[in-house]
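Produce the complete structure using the sequences and hints provided.
Protein chains in written order, with my numbering: chain W, 1 to 294; chain U, 1 to 294; chain H, 1 to 294; chain R, 1 to 294.
Think of the hints as simulated: they come from the structure by calculation, not from any bench. A hint or two may mislead.
To give a feel for the contact side, a few chain W residues facing chain H, derived at Cβ under 10 Å [claimed, not checked]: (1) I24; (2) G287; (3) S291.
Using N, Cα and C, we set each Cβ at its ideal position, and we do this for glycine too.
4 protein chains.
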Amino acid sequence: MNFRTDLAIERKEYNEKEKLDGVISCCEERDGIKITRIEIIDERGERLLSKPCGRYITIEAPPFIRDAGLFSSAMTVFSDELKSLLPEKGSVLVAGLGNEDITADALGPKCLNLLLATRHISRELRESLGLGELRSVAGIVPGVLGKTGIETSEIIFGVVRRIKPSCVIAVDALAARKTQRLGTTIQMADTGISPGSGVGNSRSRIGRETLGVPVIAVGVPTVVDAVTMTADILEQSGAGEGDFSEKLKSQEGMLVTPKEIDAIIDRAARLIALGINTALQPELSAGEILSIVS
Amino acid sequence: MNFRTDLAIERKEYNEKEKLDGVISCCEERDGIKITRIEIIDERGERLLSKPCGRYITIEAPPFIRDAGLFSSAMTVFSDELKSLLPEKGSVLVAGLGNEDITADALGPKCLNLLLATRHISRELRESLGLGELRSVAGIVPGVLGKTGIETSEIIFGVVRRIKPSCVIAVDALAARKTQRLGTTIQMADTGISPGSGVGNSRSRIGRETLGVPVIAVGVPTVVDAVTMTADILEQSGAGEGDFSEKLKSQEGMLVTPKEIDAIIDRAARLIALGINTALQPELSAGEILSIVS
Amino acid sequence: MNFRTDLAIERKEYNEKEKLDGVISCCEERDGIKITRIEIIDERGERLLSKPCGRYITIEAPPFIRDAGLFSSAMTVFSDELKSLLPEKGSVLVAGLGNEDITADALGPKCLNLLLATRHISRELRESLGLGELRSVAGIVPGVLGKTGIETSEIIFGVVRRIKPSCVIAVDALAARKTQRLGTTIQMADTGISPGSGVGNSRSRIGRETLGVPVIAVGVPTVVDAVTMTADILEQSGAGEGDFSEKLKSQEGMLVTPKEIDAIIDRAARLIALGINTALQPELSAGEILSIVS
Amino acid sequence: MNFRTDLAIERKEYNEKEKLDGVISCCEERDGIKITRIEIIDERGERLLSKPCGRYITIEAPPFIRDAGLFSSAMTVFSDELKSLLPEKGSVLVAGLGNEDITADALGPKCLNLLLATRHISRELRESLGLGELRSVAGIVPGVLGKTGIETSEIIFGVVRRIKPSCVIAVDALAARKTQRLGTTIQMADTGISPGSGVGNSRSRIGRETLGVPVIAVGVPTVVDAVTMTADILEQSGAGEGDFSEKLKSQEGMLVTPKEIDAIIDRAARLIALGINTALQPELSAGEILSIVS
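Given below as C-alpha cells:
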C-alpha cells in the first residue's frame, strides 16, 4: 500500500522489517530531543525509501508549542544539525516555499518574515550598529505557481544566477503519515526539494543539479493526507483496500491537521527562522538576533 | 457507535433505517440547491437525533467556491429560508461566534465583518444617503472563553439585556460527519446553540430560555473530527472499535478540512453575511448592501 | 488656538506660562524613563486642561521599538504605575477599544490578544498547571459603533452588569499634538474615557458614573491630527489662522503617523498587554505569563 | 523649495507659471474621470520635472472608495489607458513592489493577490475551463531590501532573464505632494521606476536600460511626506524655511495618510489588479476574470 509522506524517517519505519540495503542510519538523544540520521547511499536505498541519495536528519521533540524551554532546546539542536549540512563559508540564499494564503502551507513565507537578511548591510552600517562579522544572507518568498504563473524553481534559479550564493536553504511545510508528527518533527536534508514530488515534473526540481549549488531542504510536517490516514486505518483494521476505493476517493483533497494548526505554524516558523539565523551568524548572540528581526 | 456532528440532517441519515417517531421532515429543490426541513416535535425525536425540539433547515449546494452563479443562488435560497425563521419585525442582534485566530473556527467573526449594522444610523443620515426604511440591526463578536475569560453566552446575555433585540442570530462554524459537507452545506435552526454541546454545561446555552428572545442558529460545517472519521471508516470496514481505541485516541484533537479551507471560510462568511443582510433589509438592493459593507 | 490631543501632559505644556490653578503635578525619572503625575483637583483645572478631575500619569520613554532593554524598562515602569491606580483586590475587566481594521486604531484589540484572561480558570486547572494564586481577569473587544451598531459603552455596560468586576481597564489608541510622542508615550488615568470626547455625547462615556465601578484608561498616542499639526505650524510661523482656513479644511480626515506605524502598534500592544498582566498577576513570573499568552 | 512627489502632474503644476520647454501635455475627461497626458521629450523637460523622458498618464477620479459606479468607471479608464502603453502582444511580467507589512506601502503586494496569472495554464486546461485565448501573464512579489537583502531590481532582473517577458508592469505605492490626491489618483508611465529615486542609486533602477524590456510603472499615491506638507504650509504662510529647519527635522519619518488608509489600499489594489487583468485579457469578460481571481 502506498502512502504520502515527505519524511525519510517514516519511509524507513514503514520498511523496518526488511533489510535496508543502501541505507545507513543512527540515532542520538540530546536534551530530550531525538535525532535520527539517515543516509541513502545508492539506488537500492533510493528505491526502498523513494527518496534521492543524500543525508536526512530528523529531529523529534515533544510538542514545542507554548513551552519556552522545549522551544529553546529544539531550536538549538536544529541549529546545530543544520550547521553540519551547510558549507562553512560563503553567502546563503534562504527560500520560503509555499502559499502564505493557506494556513498549513504558510510555514516557508512566515519563516522568512523572521529571517535575518544581511547581504545589504554594509561594513559601515554593521560597525555603527556594534555588530560583529556577519555572514551574507539573502531571502526570497517565491510564491506558488497558481498565483505567479512561474515555477518556484525558475524564480530561485533566476535569483541564484544573479546573486550567486554558496548554497540555498529551502524551507517548506511537509506532509507526514502520522498525526503525532505534526508540530513535533523537523527534517533537514542535503538533497534539495521537489515541490509536488512524485509527479515526475523535473522542471520543478530545486537541487544542486538544477541550481549549481547545494540545496538544504528544511521542513516541518503540518498535515497528514486524509487518503493516507484512511488507507492506514483500513490496512491496520485488516480490511482490503479494494472495497474502499470510493471511500478513499471521497477523502481526496482533504487534510488532517491539529486543531491548533494556526499556532503551530507560527511557532514552527519562528523556531526554524531563529535556528537558521543562529546557525548562520555565530558572531551574534540570541538577543542581538531577536532585536534585529522582531 | 457515537460520532460528532452538529448537523440534524446527518443525525437523521444515521438513523434512517429506523422509524423516526417525533421527527417530521421534507425535501425540496430550487435552482440546483437542495433544501431539507426537519422538525423535532417531541422528546422521542430529541432522543433519536440528540438535538432539542425545533425546526432545522439544511441547504445543500454544489461547492460554492469560485462559482459566482452558484454563490448567488445559494445566497438567495439561504436568505429566503432564513427569513422564514425570523420574526417579521423588530430589531435583530447578530453574534459571530468562534475564534478568529483559528482558520476553521473563524466563520462567525469573519461573517460579522460584512454585516450591515444599522442600529446607529439615524433617520437623517439614512435619508441623506438616499436609503429606504432600514430594520435595526446590531452585531457583536463575543470572542472565546479561553481568550476572554467570559462565556460567550454571558456576553450576549449582557448585550441583549441592554439593547433588547426582538431576536438573535448566532453564526458559528460547525462540525460535520462527512467530508463532502465541508463548504457545501448550511444549517439554520430556531433552537439556539450550545457551544461545546453535549458537555452538559447549561451555563453556556444560547437560546430563548436563557436570553428571553428567540435565537436562530446559522452554521456552515468546516471540519470533520478525525476521531469521527476514523470510527466511521472502521465501522464500514467491518472492524470492531474495541481493537482500535488507541488508534482513535491518537486522532484526538485532529481535524479534517479541505485543502482550500482558508478560501472556503472567506466565501462562506461572505455568503452568510450577504444572506443575512438581504433577509433583514428587503428595502435595499443587493448593490446598495454591497456598497455599504465592502 | 485649539488643537486635538488626548494627553493631559500636552494640555499642561500648552498652558505652561499660566498659573495652573486646580492642577498639581510632579515629575520623576527611573531607568531613563520620565514619569509625570498630574492631578486635576477642581473645576478650574478641568477648564484649563479640558479634562475631567482625576489623576493622569504619563510615561515618556525613548522609542521602545526594537530595543529589548528599553522595552523591558518601559514595561516595568508602566506596570508599577498602573498598579498604583488599581484597586488592590477584586476581579478586573480589560476592554480593548478601537477598530482592528484600521492600523493606527488597532492598539486596543491587538493588546487584548495578549491579555492573560483567568476568570475561567478553575482552582483545579490552576493547580494542575502549577500556577500560584491568580487574580480574576476577563477581557472584551467591543468593536466600533460603525461596525456593530452598538455604542462601545453599551457593550461594556452590559458585560459589567453581568460579570461585576471591581474595576475596568480601557485600552485605546490616542491622538497627540506632537509627532515626537508617537510610539514613545503612555498615558494612564483614573478618570475613564470618552470615545469621541468633546462631541458632548454623554451616552458614550465609559467611567465610574456610567458603569458604577472605577475605570482606568490606558492609552498610547499613535497619530497626530493633520489639522492640529498644520495649525501648530502656522501658529509658530507667525501666520494668522484666518487666512488658512481652506488649507486646514483640506487636511480634515488626514492623520500623521510614523512610517513604521504597523510595527509601533504591535510593540505598544505587547508592552501594554504584558504590563497589565504583570500588574494583575504578581504571583506569576514574566516567563510564566509569556508562556501562557503567546 | 524642494518637495517630495512621485507624480509628474504635481511637478508640472508646481512649475506651471514657467514656460515648460521639453514638456508636452494635454487633458481629457471621460465619465467624470480626468485624464492628463504628459510627455517629457528632452533634457530640458527632464530637468524641469525631475523625471526621465517618457509618457506619463494621470487619472484623477473622485474618491473611488465605496462607490461601485465610480470604481467601475475609474477601473475602465485605467485599463484603457494602460493598454495604450503596453506592447500589443507577448507575455507580461507584473511585479508588486513594496512592503506588505507596512499598510501604506502594501499596494503592490496586495495587487498581486488579485492578478490573473496565466503563464502556467496549458491550452488543455484553458479549453476545459471554457476560456478563450489567454495572454501569458506572470507575477512576482519581490519583497523589500531590508527583509530580503536583495535589491528589488536584482530579483526582477533574475526572473526576466529566466522567463523573458515582452514587458514588465511594476505596481507601487507613491508619495504625493497634496493630500487630496490620496486615494483619488493613478499614475502610469512608460519610463520604468526607481525605488528610492533621487538617492542616486543606479543599481536599483527598474527600466528598459537595466532589464532589456519596456517597464510600465503603475502607481497610486498613498502618502504625503510630513516634511513636504510642512514645507508647503510654511511657504504658503509666507514664512522663510530657514527659521523652521528644526520643525522640519522633527517631521522626518512621518507620513500623512487618510484615516481610512487601510480601506483605500484594499480598494486601490483591487482596482489596479482588475484593470491590469482587463487590459491583458480582452477575450475574458469581467465576470470570468472575477470568478478566477477571487
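Here is how each hint holds up against the structure:
Hint on I24 (chain W) is violated. Least Cβ distance to chain H is approximately 39 Å, over the 10 Å limit. The interface hint given for G287 (chain W) is met, as the beta carbon of that residue sits about 6 Å from the closest beta carbon of chain H, less than 10 Å. Contact between S291 (chain W) and chain H, as hinted, is supported at the beta carbon level, the nearest pair being about 5 Å apart and thus within 10 Å.
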